Amino acid sequence: MKQSLEKIYNWLNERVELDDLIKFMGKKYVPVHRHSVWYYFGGVSLFLFIIQVVTGILLLMYYKGSEEFAFESIQFIMSKVQFGWLIRSIHSWTANLFILTAMIHMFSVFFEKSYRKPREITWLTGMLMFFLALGFGFSGYLLPWNELAYFATKVGTDIAGVVPLVGKPIMIFLRGGEEVTGATLSRFFGFHVAVFPGIFTVLLGIHLLLVQRQGMSEPLSSENEPAVERKTMPFFPNFLLRDLLLWLIVLNLLAILAVFFPWELGKKADAFAAAPAGIKPEWYFLFMFQSLKYIPGKLWIFDGEVFGIMLFGAAGFLWMLVPLWDRKSARGEKNRLITYIGLFVVFYMIILTMIGWAS
Amino acid sequence: MIEHPPIQPQQTKRDFLKYILGGSLFVWIGTILYPVLSYLKPPSQAEAEVSSVKAGKLSDIEKDSGTIVKFGTKPVILLRTANGDLRAFSATCTHLDCTVQYRKDFGLIWCACHNGKYDVNGRNVSGPPPRPLDEYKVNVQGGEVFISKKS
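Chains as they are written, first to last, in our numbering: chain A, 1 to 359; chain B, 1 to 151.
One or more of the hints may lead you astray.
Stated by the list, open to error - Below, a list of computed lysine-lysine pairs in the DSSO-like style, where the Cα atoms sit at most 27 Å apart:
1) A:7 / A:27
2) A:280 / B:54
3) B:70 / A:267
Calculated from the structure, these hints are not laboratory results. All values derive from a computational prediction rather than experimental measurement.
If we strip away everything but chain A, and leave its shape as in the complex, we get (with noise of 0.2 Å):
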């Protein structure tokens, strides 16, 4: 058994190096400091995005991505096939999951600095990769073709046509015509399950590829202590057990939360029925959703919604350009302001997203 095991890796060795490789990955450590439970999320974010990837082909097997069949369809994987109603549960579970621990990534990459030069392009691959994680939300959300999505989705797309010039070629380009009908359902499914996957892989790609060649960042603080002061682990395999060990924990939680609290699946949606009281788009939508509601109808000359969408795209724009304005931290030197507009972000979420939850 070990003979030809080490047979095949000869074979392989000659042709590809991987001698190579293995001494390259035995050459990277991460370092041991006091925020270095941060790094782990990057990896989570990783593992529930191949969950995603292995549930969204399992789901596939059974979804019929049309207005007449699209609930049906999943209503039949959630009774009818043999744990189909864990496999879309998962799949509904992981995609939240997913998005909080890519915002946790995110955040904590942005109060470290860590997107300083040089990783400027490892920042904005993940910021591109989060933006498309909530296209996927989006996207998929609509997918059971169910009243709240079907509302979430003409919401959404009408938000978008909302920006001034661009604004309604692009809603009618989402939406496959004036409405939301079983078009926008077969262009939605058709991002989610191909467009964006694609995208995405692309720019995984070049995240982990840097994220491997330039080596995990260190805090601004440690990064002038000298060499020998530094601690740090080999990533292979200290740090990768522990990521391993943790993706279990996350694999564990993520099967009880889809056993005992199973995703609905709601009410076929009818395009004659009124909005239901009480509609909410998911959580990660919630503070802009909240927001929305607090501005009044008519600023100024701007219709409120307009001024409102305007400004979170805008911070939104600015937020993934950080790494160009902040001049200061790609000195190596501290900046503070950095960290208030951090923290007034996430207590603006935190807040409106309470609000929005409770009303």
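Assemble the complex: chain A is given as a structure, and chain B must be docked to it using the hints.
Using the frame of chain A, we list chain B on its own:
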């Protein structure tokens, strides 16, 4: 040192080629993008233009109530006020496209999505809606209620 002769004429020839090739590259990209972009634009489907729909018998419509009626592909809300007046408005909220409903407890038209409110005349009175709801005409003929577009 060898003096180079001026290379003006050759340069213009090269420039000319550059523009031709660069230009044809743009045209080539255009010929690929044009059909793709056109493909993505959903074709406009001929919709039967609806000018009037029957909303049911007057005797079946309770006072102080609102129902949603199909008007072609669009939802319309038919109100019967407490004193028996009939009114109809577009049921599409002017804020972000949700479908509104009549709330007896408020005596108002209400949108569940962002808590927008309209009075029984369709005027936006509270919350984020920027405009009133479009009004439709309501006629009663032989006990049947008809909703039609305002001309």
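Task: Those earlier numbered hints the structure runs against, lowest number first - done: 2
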